[in-house]
Amino acid sequence: MNVPDSNNSTKMPRKASRKGALEEASSGEIRNANKDSRSKVRAFLDFVKQLPVGSTLILGILVFFAICAPLLAPHDPIRPVEGIYTYTPAAWKDGGSWAQWLGTDFLGRDVWSRIIYGARVSVIVGLTGTAAAGAIGMVMGVVAGYFGGWVDAFIMRVVDAWLAIPTLVLAILLSMTLGASMWNIVLILGVVYWTRYARILRGEVLTLRERDFVKLAEVAGAGRIRIITRHIIPNVFNTWMVLASLTVGVVIVAEASLSFLGVGVPAPQPAWGSMLNDARAQLLTGRWWLMAAPAVAIGLTVLGANLFGDWLRVKLDPQQRNL
Amino acid sequence: MSDASHEQIAQAETLKNAKTLVVNDLVKHFPAGRSGFGVKANKQWVKAVDGVSFDIAPGETLGLVGESGCGKSTIAKLILRLEDPTSGSIKFEGREITDLKGDQLKDYRRSVQAVFQDPYSSLSPRMRVHDIVAEGLRIHTDYSKSDVRTRVNDVLALAGLSPDVGRLYPHEFSGGQRQRIAIAKALVLDTKMLILDEAVSALDVSIRAQIITLLKDLQQDLGIAYLYIGHDLATVGHLSDRVMVMYLGRVLELDDSIELVRNPKHPYTEALFAAALPSNPDHIGDTSEQPNAEVPTALAPPTGCHFHPRCQQSMEHCSTHFPQEVKLTGGRRISCHLYPGD
Amino acid sequence: MTREILKVKDLATHYTGFGGSRVVKAVDEVSFSLEEGQTIGIVGESGCGKTTLCLSLVRLLAPGAQIVGGSIELNGRDILKLSQKEMVEVRGKEIAMILQDPMTSLNPVINIETQVGEAAFKHRGLRSSTLRERVRQLLEAVRIPSPDVRMQEFPHQMSGGMRQRIAGAVALSGEPGIIIADEPTTSLDVTIQAQYLDLLRRLQKDTGVGLIFVTHDLGIVAKMCDDVIVMYAGKTVEKGSVREIFNNPNHPYTSALIRSVPKLGSKDPLYRIEGQPPDLSNLPQGCSFASRCAIADDHCFEHEPPLIEVGPRRLAACWKIEENAASKEQA
Chain A
2 MNVPDSNNST
12 KMPRKASRKG
22 ALEEASSGEI
32 RNANKDSRSK
42 VRAFLDFVKQ
52 LPVGSTLILG
62 ILVFFAICAP
72 LLAPHDPIRP
82 VEGIYTYTPA
92 AWKDGGSWAQ
102 WLGTDFLGRD
112 VWSRIIYGAR
122 VSVIVGLTGT
132 AAAGAIGMVM
142 GVVAGYFGGW
152 VDAFIMRVVD
162 AWLAIPTLVL
172 AILLSMTLGA
182 SMWNIVLILG
192 VVYWTRYARI
202 LRGEVLTLRE
212 RDFVKLAEVA
222 GAGRIRIITR
232 HIIPNVFNTW
242 MVLASLTVGV
252 VIVAEASLSF
262 LGVGVPAPQP
272 AWGSMLNDAR
282 AQLLTGRWWL
292 MAAPAVAIGL
302 TVLGANLFGD
312 WLRVKLDPQQ
322 RNL
Chain B
61 MSDASHEQIA
71 QAETLKNAKT
81 LVVNDLVKHF
91 PAGRSGFGVK
101 ANKQWVKAVD
111 GVSFDIAPGE
121 TLGLVGESGC
131 GKSTIAKLIL
141 RLEDPTSGSI
151 KFEGREITDL
161 KGDQLKDYRR
171 SVQAVFQDPY
181 SSLSPRMRVH
191 DIVAEGLRIH
201 TDYSKSDVRT
211 RVNDVLALAG
221 LSPDVGRLYP
231 HEFSGGQRQR
241 IAIAKALVLD
251 TKMLILDEAV
261 SALDVSIRAQ
271 IITLLKDLQQ
281 DLGIAYLYIG
291 HDLATVGHLS
301 DRVMVMYLGR
311 VLELDDSIEL
321 VRNPKHPYTE
331 ALFAAALPSN
341 PDHIGDTSEQ
351 PNAEVPTALA
361 PPTGCHFHPR
371 CQQSMEHCST
381 HFPQEVKLTG
391 GRRISCHLYP
401 GD
Chain C
-14 MTREILKVKD
-4 LATHYTGFGG
6 SRVVKAVDEV
16 SFSLEEGQTI
26 GIVGESGCGK
36 TTLCLSLVRL
46 LAPGAQIVGG
56 SIELNGRDIL
66 KLSQKEMVEV
76 RGKEIAMILQ
86 DPMTSLNPVI
96 NIETQVGEAA
106 FKHRGLRSST
116 LRERVRQLLE
126 AVRIPSPDVR
136 MQEFPHQMSG
146 GMRQRIAGAV
156 ALSGEPGIII
166 ADEPTTSLDV
176 TIQAQYLDLL
186 RRLQKDTGVG
196 LIFVTHDLGI
206 VAKMCDDVIV
216 MYAGKTVEKG
226 SVREIFNNPN
236 HPYTSALIRS
246 VPKLGSKDPL
256 YRIEGQPPDL
266 SNLPQGCSFA
276 SRCAIADDHC
286 FEHEPPLIEV
296 GPRRLAACWK
306 IEENAASKEQ
316 A
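Residue numbers (our numbering), protein chains in the order written: chain A, 2 to 324; chain B, 61 to 402; chain C, -14 to 316.
Simulated from the structure, these hints should not be mistaken for laboratory data. A hint or two may mislead.
[Stated by the list, open to error] The list that follows gives simulated cross-link-like pairs (lysine-lysine, DSS-like), each with its CA atoms no further than 30 Å apart:
hint: 1; chain 1: B; residue 1: Lys252; chain 2: A; residue 2: Lys216
hint: 2; chain 1: A; residue 1: Lys216; chain 2: B; residue 2: Lys166
hint: 3; chain 1: B; residue 1: Lys387; chain 2: B; residue 2: Lys325
hint: 4; chain 1: B; residue 1: Lys325; chain 2: C; residue 2: Lys252
hint: 5; chain 1: B; residue 1: Lys79; chain 2: C; residue 2: Lys(-8)
hint: 6; chain 1: B; residue 1: Lys276; chain 2: C; residue 2: Lys78
hint: 7; chain 1: B; residue 1: Lys252; chain 2: C; residue 2: Lys248
hint: 8; chain 1: B; residue 1: Lys252; chain 2: B; residue 2: Lys205
hint: 9; chain 1: B; residue 1: Lys387; chain 2: C; residue 2: Lys248
hint: 10; chain 1: B; residue 1: Lys79; chain 2: C; residue 2: Lys248
In isolation and in its complexed conformation, chain A is listed as follows:
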């Protein structure tokens, strides 16, 4: 017989495998043992190889910008470039200079440096805002789903009420009351976007709660805390990751919107949203790049985040439930 794949490690000495249930059972069980013995480096390379090229590249560059901003930015993002006090054109325009290839803004600050530093705000707010929303949503969803009854009914009505308020309006209101600062924005976005997690995770927990292993944990004497931390949360973590990856883009756009409206990250800290706002009037004067640069930056980032989220969803959620 020509067996296609014969170099597997599971083949036991034939006679031995006849001995009894014990050996036979174990021979089948270690069929995946080769996975463990494979070197960690190989595993890492395999992981990298199957990452989506485009989105990983975009997100990689973004994070690189955010981390290495002081090294990459040619100028200080909040101080005018030496000797310049107002707009200068982009490099390809008359009077432009490659030293400030995207020109300077109304205070004479280098636009390119501000874009690079702006990545910091987007990355920090995008990630921590998503995590904050995820943390609130995880707690609420798991509590609602696991405890059920009036706790569930209460939390879900709050979610309904939350969803009835336009998110941006809510965010603006909160920002105006709390005062604008980057960490307040993170908190606000967390408070605004937790509902999407809570809803879906609650549903997930409702079905998990009925799974036999959760009942068996209770039969074994496990307390609520143990059941939630050991049995429920690990099993909703994939869903949580997928939701988080799909929320990052939304949160980045929300931060940009708040900054654009002047209730986001306060000046003079560079944020793509406030750069858009600053550049608004300059469209008429022909300085379109002032607007285009932050817009492209936002667009690319959100595209990268969403593509990555889609890939992650397919990977972690094989049933494709369209979360």
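Chain A is already provided as a structure; the job is to place chains B and C on it using the hints.
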């Protein structure tokens, strides 16, 4: 001989005769329809378990057989304290367990474990086998790491698995092997009773025989009491010392398993036997006497004897009075107007 | 002599995955034939290829699976040579299916009348009142009480047993010559199962339909079938009439299977087949049952036994048929 030793002997005697589990007049009603925020449930009740009594001795297997909706899984949940009964008592080793709370309940959970039907649902997909099996030890004992490992390997061996499997995840196993893991998990503490809710129904024929044999061997070695719940008469009869037949929340017949198979008396038990599949084409029974109605739901059970609309031998007062349970000579318990008391 | 309606010869269905680097021989050279009014049982454990076999018969295989050899002659023509378009005409009209779960095999948003009448509408050209009359007949045939009311209802208004009976009516609707039933009673209660099996037998007597019963339950085979094919790891290991197979199994797997099922009223220890069924993508050399077989020797591990004739209409694939017979004498 001193009084003290007499007492000790007497105590040993009572312990020997003591039942592991005594269930008395157990009732569980579930509210039907929606309940919750704002929506008042109109008071309609499903009588899932309606006055059930039985006992199980140490090392004995009681089989519980019935069709879907007869309340057999609810009984399992009540004994496991996953649900609280509406009324009635469950005594485990002489102690009432229906009102246990906190540490006492936790203590009870050391001794009673369960194996469920679906081997794919009973193991957490995100935990390694070692952690799944060790969970009971981590909850109830302060064993050192190496003690835990020794104990886990011991019970894995009892269940016919090698210690190597501990580091793997459940998805790497077939259904039969998962069921072995579930059994190992159930045995890791000083288990005195196992609730086996359709524990072999989802398995392939050849694997089923392995697990049945394993369960029987374990019982012989460890003296654990089993409550085996199933719908397949042949398997239940094979595993059990006594068999209890339930229909819509009530016990219709209970006797030694061989006796019950040789001589079923209740018309419902007879119908179940007639419906059982033959083990050989030469023994195809006469199935023309099949009860032809649908199984009624427990939400609106028929009046009187619940079985009367499907019963071939139903009489007039069957539809109005539920038959009292009587004990026939030989110890059989039966609820049927065909067998009035005395 | 009754008419032969289906002749399957050396059918092979393989799954290929991972860019062709792995081939799973789910069905490997299976042959059988079915006559009018006959019931053939295909029995085996999960993963033995029995479901793939029945999907191959109606050519509804999942992507990745492919019929790589053999022929399926249905009423005299090889349906493997038909286009998918022509197959649409075959399904429902000449060959129909009843699946395991009536909950998912009926469409929840279409009423019973439309679902039962669909094949009669499409394949038999029935319209309006004649169609309705036909649906009523079918529902009566599967013993649905008050069919006129019930045909306006939807699947969720029925019990599990009723739904499965309606699935039977759907299968009969196009008056097919063959019905494939893939574990049709596993989701039913014991008494309902018995009713359903009796119903199928009666319908078969009335209509002369050929039944192919796919199951893991030997009891169903014993009750329902005329002929049996025992499958193991994608191959036929034994074939013969049901009485012969049960009373005088030639293959050690068959006899082990029969002895491993608990019998009513008996507490004799069950026979245990040790180990697990083999991984189809990685079959061992030689006989695939050898590692679990009580009487296998070195020869069995090296050479695959051919399916040979061991009696009138009896086939078995085992090197040790004589020894097996001897060991059964002892037992």
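Each hint, compared with the structure:
1. B:Lys252 x A:Lys216: holds, 19 Å
2. A:Lys216 x B:Lys166: It holds: about 14 Å lies between the C-alpha atoms, which stays within 30 Å.
3. B:Lys387 x B:Lys325: holds, 12 Å
4. B:Lys325 x C:Lys252: Satisfied, since the Cα-Cα distance of roughly 21 Å is no more than 30 Å.
5. B:Lys79 x C:Lys(-8): violated, 61 Å
6. B:Lys276 x C:Lys78: violated, 50 Å
7. B:Lys252 x C:Lys248: Holds - the C-alpha atoms of C:Lys248 and B:Lys252 are around 28 Å apart, at most 30 Å.
8. B:Lys252 x B:Lys205: holds, 25 Å
9. B:Lys387 x C:Lys248: holds, 27 Å
10. B:Lys79 x C:Lys248: Given pair B:Lys79, C:Lys248 holds - Cα atoms ~29 Å apart, limit 30 Å.
Hint check: violations occur at hints 5 and 6; the rest are consistent with the structure.
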